[in-house]
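Letter by letter, the chains look like this.
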Amino acid sequence: MRVLALAAAFAALLLAQPNPRVGFYQWESPIRDALLPSPLFTAPSLIERAGAGLFRIYVGSRFDYLHPVLSPQRFEGVAHCTPVDILRLSRYRHVVEHPALRTIILTVYPSRDYGGGCDDINLSRPGIGAALDDEYRQMFALSEYLLNTYGNLDKTVILANTEADNRMLEIMRHTGSSELAIRNMIAWQNTRFRAVDQARRRHPNTRLKLLNAFEIALVNLAIEQQGYRFVKSPRGRWNALRDVVPKASFDLLSYSAYESTNAPFETGVIDSPPEGTGQRLARDLTLIARETSKPVMIGELGIPRDVYDRLPSGGVEPRLASALAAIRRLRPAYVVFWQVYDAPAGRLEPVEFGWLDPARAPSRLLLEFVRSYR
Amino acid sequence: MILVGLLLVSALWLSIGRDPALAPREPWPRGLSAEAVALWQRALGLTARNPAPAILVSRYQFEHLRPLRSWQDMERLRNYVEWADRAESVGFNGTEVDADASTGDLILLRLPRSRVLVRGGEVRDPIGFTVLPVKRDGRQRIPAVQAVSQVPVPTLALNFPRRLMPVIHAVVPRSMTIVEIYGEGFSGSRIRVFSEDSEAQVLYAGANQINAAVAALDRVAVEVDGFRSDWCEVRR
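Sequences listed follow chains A and B, in order.
Everything in the first sequence is counted per numbering that gives the first Met the number 0, starting at 0 for the first residue and increasing by one.
Everything in the second sequence is counted per numbering that gives the first Met the number 0, starting at 0 for the first residue and increasing by one.
So here's chain A without its partners, still in its complex pose (with noise of 0.2 Å):
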């Protein structure tokens, strides 16, 4: 009787302690006077009270969470806006600092000046040797000054790249060449690992965990070559799973699920199934787990409700539903929300991705997910 008490109370101690394996990203600042003076003060504490203990953000030259992207005032006064010099402002070591987030996803890119200021480093060209340079001093500063700083800390904190394939299919674009992107996108990953190891070995008694992740998008889809233009297409040749995954190092395989979740890859109607999004993403992490030894994250699971929430075969709930049901079956590390606010309106893209937003209850199920998935 007594083990049995002593065994629910540890149960309901555990289940009352933030999650580390599951939380939330916040990409791109949305400028709303209510998150001034930055949604890094502010998310944190909407992370912890949803029970979750893990946050995602961008760590990189192009935003710094106060200004739009590439506002041309962005990192005023930082001289150089590589990652080390971002992650010692105040609002980024609040978020690295905070007691209740147990894991950081830190989506870091080094940054070189090409003549307009700090800008993320350029990988659309033949030679990158001198890129990759940089790339590799940046990453190995920064993991320097994480073991260093926070090396006491019960954290893991996780280095993540976003979306091999967008910025494979932007190299594609730029240079004509699927070739190049394969090769500098292969030598970029390892660039950033091998950075990442070095510094872990010298650092090995540390009680922070310090780990990087690859992160693909495309599972289904690829990239096809039309006319002179490059697109995803069902029928594409290549993809950063099936060409760079087998010839790169990383800890972690990173999944961003959108093309999973939110429509079949055959047709892209959104308006389809709400069941068909967990066999969707049930289907591909199997697929992913086929590829790699490596543990794999959900990098990002998001469905804007401005968008399926009109929907006649069902909004986000049983969309979510369904996902998450997949999730408890197939385990994957990690799970990432995208994202804790609503997007800033007027683009003509969806808005209301925001799980967590003030502007409305989260949802239930969510909450329930949340504390739950051990």
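Errors might be hidden in some of the hints.
[Claimed, not checked] Below, a list of computed lysine to aspartate or glutamate pairs in the EDC-like style, where the Cα atoms sit at most 20 Å apart: (1) A:Lys-231 / A:Asp-196; (2) B:Lys-134 / B:Asp-99; (3) B:Lys-134 / B:Glu-95; (4) A:Lys-231 / B:Glu-81; (5) A:Lys-231 / B:Glu-74; (6) A:Lys-208 / A:Asp-153; (7) A:Lys-208 / A:Glu-223; (8) A:Lys-208 / A:Glu-143; (9) A:Lys-246 / A:Glu-290; (10) A:Lys-231 / A:Glu-178; (11) A:Lys-231 / B:Asp-84; (12) A:Lys-231 / B:Glu-232.
If you're looking for bench data, these hints aren't it; they were derived computationally from the structure.
Based on these hints, arrange chain B on the given structure of chain A.
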């Protein structure tokens, strides 16, 4: 010195009689679809990903851009925006471009071609902005002096058509001789379908789908009231 002199003279000449109140509020005509307006806003840099005046763009894509045939030549406009609306910027201070670039790049200056004084090699893009060549890899300064001018961008004729140009999204074979053509801008009084050099028989024509009997399953173009789409290969 010559460039500076030219700049001052042209500024003085063009400023005479200039009345800002006469400037049109929107550089595109009324009646365009919401998507067309959104694309023009991005093309002109009004809602572009990067509002900077000088953008690093692809030489490969530029070589394949084609002239616009109407304000709603959607496929070519989308291709233009895909090429021009890039995040990567370079420096521009009104007299020179400062860029770390490669020969696979070009520099798009969001200024009318007639408002930029350069040494040579520059060209005009499909809507009238200036495109500078990159002649070597690495960090470089390219002289490009911004002059004053009333020439607007886009530099399209006043009577430029507004009509939706036919665009083929996909051609799917239904048999050895019949294809289903999916796209937009297929509404009109005279619909024709071409398969390579021969004209095909139109079996059905709707706003977004045409069925036709073709001589060969290779590539197809649709012509609506005399305006022809780009060729599209039949899916196999």
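Verification of the hints:
1. Taking the CA atoms of Lys-231 of chain A and Asp-196 of chain A, the gap is near 33 Å; set against the 20 Å cutoff, the hint is violated.
2. About 12 Å separates the Cα atoms of Lys-134 of chain B and Asp-99 of chain B, which keeps this hinted pair within 20 Å; it holds.
3. Between Lys-134 of chain B and Glu-95 of chain B the CA atoms are separated by roughly 15 Å; this keeps the pair inside 20 Å, and the hint holds.
4. At roughly 14 Å between alpha-carbon atoms, Lys-231 of chain A and Glu-81 of chain B fall within 20 Å of each other, so this suggested pair holds.
5. Distance restraint check for Lys-231 of chain A and Glu-74 of chain B: the Cα-Cα separation of roughly 16 Å lies within the 20 Å cut-off, and the hinted pair is therefore satisfied.
6. Using a Cα cut-off of 20 Å, the hinted pair Lys-208 of chain A and Asp-153 of chain A holds, with the two alpha carbons roughly 8 Å apart.
7. Restraint check: the Cα-Cα separation between Lys-208 of chain A and Glu-223 of chain A comes to about 39 Å, which exceeds 20 Å; the hinted pair is violated.
8. With a CA separation close to 12 Å, the supplied pair Lys-208 of chain A and Glu-143 of chain A stays within the 20 Å bound.
9. Distance check on the hinted pair: Lys-246 of chain A and Glu-290 of chain A sit about 11 Å apart at the alpha-carbon level, within 20 Å; holds.
10. For the proposed pair Lys-231 of chain A and Glu-178 of chain A, the alpha carbon gap of about 16 Å is at most 20 Å, so the pair holds.
11. Between Lys-231 of chain A and Asp-84 of chain B the alpha-carbon distance is near 19 Å, which keeps this suggested pair within the 20 Å criterion.
12. About 16 Å separates the Cα atoms of Lys-231 of chain A and Glu-232 of chain B, which keeps this hinted pair within 20 Å; it holds.
Hint compliance for this structure: hints 1, 7 are not met, and every other hint is.
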